[in-house]
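Colleague: These protein sequence lines map, in sequence, to chains Z and H. Sequential numbering from 1 applies to the first sequence in our numbering. Sequential numbering from 114 applies to the second sequence in our numbering.
It should be emphasised that the hints constitute simulated quantities derived from the structure, not laboratory data. Incorrect hints may have been included.
Derived Cβ-Cβ restraints for the label pairs, each shown as a range [said to hold, decoys possible]:
id: 1; chain 1: Z; residue 1: Q42; chain 2: H; residue 2: N165; range: 46 to 54 Å
id: 2; chain 1: H; residue 1: L228; chain 2: Z; residue 2: E71; range: 42 to 50 Å
id: 3; chain 1: Z; residue 1: N61; chain 2: H; residue 2: D131; range: 38 to 46 Å
id: 4; chain 1: Z; residue 1: T72; chain 2: H; residue 2: E127; range: 39 to 47 Å
id: 5; chain 1: Z; residue 1: S12; chain 2: H; residue 2: S200; range: 36 to 44 Å
Glycine included, every Cβ here is placed at the ideal spot set by N, Cα and C.
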Amino acid sequence: AQSVTQLGSHVSVSEGALVLLRCNYSSSVPPYLFWYVQYPNQGLQLLLKYTSAATLVKGINGFEAEFKKSETSFHLTKPSAHMSDAAEYFCAVTRNTGNQFYFGTGTSLTVIP
Amino acid sequence: GAGVSQSPSNKVTEKGKDVELRCDPISGHTALYWYRQSLGQGLEFLIYFQGNSAPDKSGLPSDRFSAERTGGSVSTLTIQRTQQEDSAVYLCASSSRSGPTGELFFGEGSRLTVL
């Protein structure tokens, strides 16, 4: 079975500080992993995805995530938070033979000026 | 269209009534998903359509929920005899590819409130 766990439903950072959003996955087969972002009153949009190529994945808006098999993690980071980064972030997993995307419960990011 | 379109954006209904939620996927996208997003919960998978294949209905929570996709394009999610626990945001997503490497494009959702 596939699942993801996002530690911390709410994260607050100061503007300019490091953003770290945690995601751990459970998968019996090599996973494909995703981060999606949801801005207020908008649909989710893809930030980045890992599909078994490079373990360090760069996405839009300066975000990146590193796939660590030994830790079953796919944490999302950004060196310097911007006010516009305030949103809900979802980690998702699927497998190479599946069609279902399993989403985490989300992490709400607040950026403090 | 330019993106995934969902209607209505907001729906308030009384317990026991039936509701229909509509999704217009991006033109040419063969895969279509319905998810439910409840407060404090992740996205709960409901149903998946891919081309002319039989839909994956494994996520539908009860037989009050059904969905169809006509002509491989527009999809309608129907909830019969609505209950208060059905209150949630229903999200539709489409993709140009089946399988895990296809990016999901989401609509803005239909917020359902059951009184």
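Colleague: Against each hint, give a clear statement of whether it holds in the structure.
Modeller: For each hint, the structure was consulted:
1. Take Q42/Z and N165/H: their Cβ atoms lie about 31 Å apart, and the range 46 to 54 Å is violated.
2. Between L228/H and E71/Z the Cβ separation comes to about 46 Å, which falls inside the hinted range of 42 to 50 Å.
3. Range check, N61/Z to D131/H: Cβ separation about 41 Å, and the 38 to 46 Å hint holds.
4. The given range of 39 to 47 Å is respected by T72/Z and E127/H, whose C-beta atoms sit roughly 45 Å from each other.
5. Range check, S12/Z to S200/H: Cβ separation about 28 Å, and the 36 to 44 Å hint is violated.
Of the hints listed earlier, those the structure fails to meet are numbers 1, 5, in rising order.
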